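Q: Below, each chain spelled out in residue letters.
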Amino acid sequence: MSAAGPIPVRVAAIETVSPFIKTFTLEPLDGGLLPAFSGGSHVVVTMQGRDKNHRNPYSLMSSPYERRFYQISVRREDDGRGGSKFLHGNVRVGDELAVSPPANLFAVNELGRRHILIAGGIGITPFLSQLYELRAQGSDYALHYAYRRADDTAFLDRLTAEHGERAHFYESSQGHYVEPGRILADQPLGTHVYVCGPEGLIDTVVTRARRLGWPESHIHAEEFAAPPSGKPFTVVLDKSGDELEIGPDDTVLDVLEDNGYAPDCSCRGGVCGECETAVIAGEIEHHDDYLSEEVKREHSRMMICVSRAASERVVLDL
Amino acid sequence: MSEQATVAAPRVKPVETFRGDFTYSNSPEAIRRFPFPFHRDDYMYSVNIEPHDGTPPGSAYAPAFDIDEHYLSEMAERRTVLEEDPKRCQVLPYMMEAQWDTLELMMTSLAADYPEHFSLTCDGDTWTWENRLLDIRDTFTFKDADTLPLEPFEYITRQVQGDFTLHGQRNDMLYMDGGMVTCQADWSLDFDLGMNFYEWHGPVPRAHEMGVFERALKYLLTLKVGSPVRRLNWTMTVNPRMDTSPENYDKWGIDRATITPDNVGELAHLRVELQSLWRLPRSNAILFSIRCYLISMEELATVPKWARRLHRVLRDLPEDLADYKGFIGFRPTVLDYLARYDDGAATSPGGAPD
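Going down the list, the sequences are from chains A and B.
Going by this note's numbering, the first sequence wraps up at 419, each residue one higher than the last.
Going by this note's numbering, the second sequence wraps up at 358, each residue one higher than the last.
These are computed hints drawn from the structure, not numbers from a lab.
Computed from a predicted structure; not experimentally measured.
Where a beta carbon is used, it is the ideal one built from N, C-alpha and C, also for glycine.
Please note that a few of the clues may not be correct.
[What the hints assert, rightly or not] Below 27 Å or equal to it, Euclidean Cα-Cα: the simulated BS3-like pairs (lysine-lysine) are:
#1 A/Lys-332 - B/Lys-222
#2 A/Lys-186 - A/Lys-123
#3 B/Lys-91 - B/Lys-147
#4 A/Lys-153 - A/Lys-186
#5 A/Lys-397 - B/Lys-222
#6 A/Lys-153 - A/Lys-123
[Said to hold, decoys possible] So the derived list for chain B, only partly shown, Cβ under 8 Å to chain A, looks like this:
#7 Ile-53
#8 Glu-54
#9 Pro-97
#10 Arg-219
#11 Lys-222
#12 Tyr-223
#13 Thr-226
#14 Val-229
#15 Ser-231
#16 Asn-237
#17 Trp-238
#18 Ile-290
The shape of chain A in the complex, shown without the other chains (with noise of 0.2 Å):
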């Protein structure tokens, strides 16, 4: 067992439910079961482009009691890194993908009295799943979604189905518009308000909610797990002269291991401090926990599991 090791996956279903958004049902390419998860779980899918590999976080909007696949909801973003437009233009049924094992950090308080869920658009994916342990637990709920048109059809006509009256819609183009200040006004002490959607609406419900003195603890946003990318860049190892190039989507450590180097590591999240590197030149976009504020400005240490370059080379003293 591979720590964090991805699930090759085939992909068996895909259904257009607007111009620009598609569901991907994914089923073990083993044909086993996949990890159980919690509701509003993501897990990031890497799909092998022709140029490049793209690694992006979805939501994982299938019901949390179900073991034989997953399902995400992809809108197709054309000013996004490509991840979007890839599995739109060029995944087919029956293509591999892989996925990392789920991780959430978009959970329902269970402590929570009431839950208050606003959508925006293809925002309504984590709660998907949140809304099927809401239901089987009996809890108190309302979702608020908020959407363009009604070609979300297939979202609608479920969420109806199975919510009732605990489901309310808001489509703009008739004129109507989710207004959080309202909702949040007049909620019972106890209540938690989730949000996922546009930067717009979030930021809107986290003001809102601010404002009527709602405690931070009870306020939601959807936050991904995602490994830091960035730009390609090149090491430089200063003892053996080597030089390596570092993808948008790797780490300077596995490559390093790609390559037969075995670098002191452990934890490989950038807190435990082993796999700190001495900087000979080039600068350091830091993404550890672990160097203090001096040093990370001073750019002379980098933490190879999880920083990348700010400069196009960087010179290790590896």
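Following the hints, put chain B in place on chain A, whose structure we already have.
A: Same frame as chain A, now just chain B:
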């Protein structure tokens, strides 16, 4: 876990005692696989976390949950402690999903790692669990607690060596909301229940100022399903006593005053905790496994590298840490004993015997 991790059938000794006449001891094989925690000749706190990934093959680290020759003894000791004090096992009511997650993880792991001793047969939600070491065979309905003789967490942790705690995750924080704690190094589940990550670590010296806990918490909050991690912790204990709890301090605190140059090799024990952390899939809670190993100074000294290194580590440990680790009172005696084995030779890197 991986096939390499499989330890088909560890030899299991008849029941020995961790109290009274203290008949517990380690066989030469158990000594060789002891998880010696010092990778260098000195010690300081760090976030010493690494993936719990089935390596190295054949070691105590390889199985998901290590079962060894002391299995029957530790399970008997657990039953005794629970009879005296049922509050050693408590889980807050909201954690039923985490209880089932734990049961599933332990049953599937044990059946995979030790097929000769444990087996699990699943027919839909009807599960049959066999533990041949304890002569248990139960058929129950997964997720229906009424079909088991005990709640799922207590049922399974009475069959696995080590203490276990359950941690709910909310507000970017972990809360100790359940546990089975009968072989602990002087802390109390009943006292800590419901505390957050910083609160239950409150008594640890130095590490707060070093920022160790902020970094560790941040890392654990993103722990992923299927990617457990582990670390080692250690302390010193007099007599091979598993239950060094605050609740029973009156029974063991005085032991520290019984150490003499004549008995130190037999009575002073290095206590090592192999701690592993698991993200539970459906509940999103974290299971913390604290697997305790005890080794006497006499047994440890049969491995020359370990005796040399432990002598140097204990000698150079700052006072506050020696106090926290429970041996400041008998440090000179244990150092005199270990000094006999420290010829000044260099020690190899890593914790394994040479």
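Q: Which hints from the list above does the structure break, by number from lowest to highest?
A: The structure conflicts with hints 9, 16, 17, 18, although it agrees with all the remaining ones.
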